[in-house]
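K.L.:
If you want the building blocks of each chain, they are given just below.
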Amino acid sequence: MEAKVPTRMGDGYMVEMTRSELRADLEDATQAAAGKAKVPPLAQEELDHLLDIYASRAAFTSVDIGDQVVLSCDGGGSKMTGTDLLDLLESEQRLGQDILELWHIEYSYKAIKTILPFQQQVMQNCQLMMTAPVQYGAQPNLAFYSKPDGPADNWFELLPRGDIAGARAAIAEAMDHATKDFIYVGEGMLDAGADGMDFDTTGGAGDADFFSTLRAVKHLRAKYPDAGIEVGMAGEFVIGVHGELEWEGRRLAGLWPKEQLEVCQDAGATIFGPAVNIRTGKSCAWNAAYSITVCKPAMDVARIPVHPNVGEGVGGVPVNGYPPEDAASRAAKAHVDILRCDGL
Amino acid sequence: MDVTHALAAGMGGMRTAGDLVARMQMARGMRLEPAKRYVAGKLGCTVRDLSDSYAMEQIRGEKGLGRILDHSNLHPGEPNAMMAKFRIAELLGVPIRSVERFRELAGL
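Going line by line, the protein sequences match chains L and D. Using this note's numbering, you'd call the opening residue of the first sequence number 98 and step up by one each time. Using this note's numbering, you'd call the opening residue of the second sequence number 13 and step up by one each time.
Calculated directly from the structure, the hints in this document are not laboratory data. All clues given are correct.
Pairs of lysine-lysine residues, derived as DSBU-like cross-links and limited to a Cα-Cα distance of at most 35 Å, are as follows:
#1 D:Lys-54 <-> L:Lys-320
#2 L:Lys-315 <-> D:Lys-54
#3 D:Lys-54 <-> L:Lys-355
Pulled out of the complex, with its shape left as it was, chain D reads as follows (with noise of 0.2 Å):
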């Protein structure tokens, strides 16, 4: 079922903007719409891109975002996972609870 909902009216999660929409809907209530155009605003594309993987993956590689891993589309070197975490809260604007755990804890 969770496969359904996801081809039938999921955003992608970070195969698009998905988590990053998702995002301003968690911390800051914002709806749909506003929150989308957020997004948008933020990572200088249209509301439609961020729905579109094919769209997003050249973003979310050029801004550090983080990308699907597979066996042919592997990115060392490039921010994944707590890294991608640092940019995407720098870049929403909004603070991310186990970013600010991670520099605590690590000292930073």
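Next up, chain L with everything else stripped away, as it sits in the complex (with noise of 0.2 Å):
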């Protein structure tokens, strides 16, 4: 009887499965992911390789020497533990993190409007303090700028009408609304001495909600050249809740990571995170089969580094609020193998 190894789901609970359902779930993925993505499936040595990492008793995982990547780390500067500027400290001193975040746990641009200049007093006396690279984080989360949160009409009411022509218009008043607001923080981060912009979540409300990101981050571009601009995107494809915007002649509608990052690329963005959200149901095996097939076309494109999100619920690891090392250790390994990605 074929042995079993302890394994986890995508929710973190854990099962035990034997190394053949391990590779079937692995073969699967591959082909579900290739079949959607319209991406080649993994090759028989990625496979065998990510069966080798999920299919370990080893309580941790982690990349070969020398195999280390820079990590991107957002929820650093988070207060949770006194300050925004101790626990940046921590992360910078103590978990030895590449690029810190400031961030407000109001984690939208249009809220982080109206407290400007408190965030940029922060990043001045983080700035004195840390020795790492720090950027400013937020989400666009253009559905902030629809009633009754917001001044546009609501075009998630407008579309189940039928009036197409009425959402389409309120989502370009909201659309400029909402990239003011990114350029207006964004300069304002950048001109307190932050290191970069981190548009997190990117695509959350859609094709609109990337497209006025990515005019933010073009006009950011032309006006701080050195400044680091990371764009992170919020789910695997993107939803085309307008359907018709195109970025320079490209429909932003139903891109997946490789044109994703194509057109971050090409508005001026320095780091791309792509992000596949995980399957409750599925093995995290499944899961990072999963993300790295439909990531790995993006990689033989990449002009700028590629940070695939592996937090939680995204990238192999597991939807929970305290991620199981084992899994977590795991969905990295895999990613940073299998991609040679620049960071996580």
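Hints given; two lone chains; assemble the complex.
P.N.:
Written as structure tokens, this is what we have:
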């Protein structure tokens, strides 16, 4: 009888599977990803390597010596253990993070606009105390610009009524407000000494969310040629809420990581973070193979660093407030070893 | 989770040369291998040394690039934080925004 090894499901629950069952999951995942994203499946030797990673009984795993990558970390300066400055110092001095990130719990550019001087002061103070680069991060969250939270009509109410033209007009109005806010906050934080900006969870409200972010990226790149600009995505493909938005002739709706990367690097981003959401009913091995298959084509065309998202619920890391170390470390190693990515 | 990723795959930040390689990714959009080679060239070490805390603790100390401080490893009189960033900007040949701002606001 084939021995079983402890492994995880996408929600973090520990189960036991045989090596054969894990292999079947990996093969199913790469075929599913290839079919959906219209990309090549992983090669046999890549699946074999993933199997070695996931069929291990080790409590923790890591990349080989010399293969370490740059970590861009959101959530460093969170005030969870004191002040945001102290959190960042801990992240730098104790966790050894490569790129630190100051952020506020009101993690939307729209909200940050109202407290920009406060955040600028914190950034200035942090920069005096830190050696490692500190970027500022927030989410575009375009939906906050629609009623009742914002000024534009709510396109999620107009679309079900069949008012496509009205919905698109509302989206256009929201995008104008959003891009202005992203630029206002971006300029403010870079002027305060930030080493870069992070547009985190971009595309969460669809193609318009992505488009309004790309406009801000292009503006900031032109004005601050040496600043870091990271665009981290919300999901594996861009949802077409507007449906007709194009970036330099390319329709944004339905883009997968390779094409997402291409528009981001053309707009002026310096780090791209693909995000592939987890399926909680599938094993972590399945989820890692799916994520890697979807992201792999991006590596061939990347002119800028690619940092796949391996936070809670993305990139093969369980959607759990405390992602188990065995699963999170396997996801990290799997992405670095197979993708040869530039960071996480 | 931050600890997990730092141990599983991270370069090590300023414990090693992770912050320096990160700066080349951010400021120049360099991919990992060119960024590592660039930083290693500037430091006069091998690429593998960049994520070796033993090697980098000595190299950072020699070049005044800032080192991790703890109770048994203190370096008063040695550059750290903003002071170290002046040296990092010069070593890497990239402007650091906070250094420029410090220079401007301090009237240097």
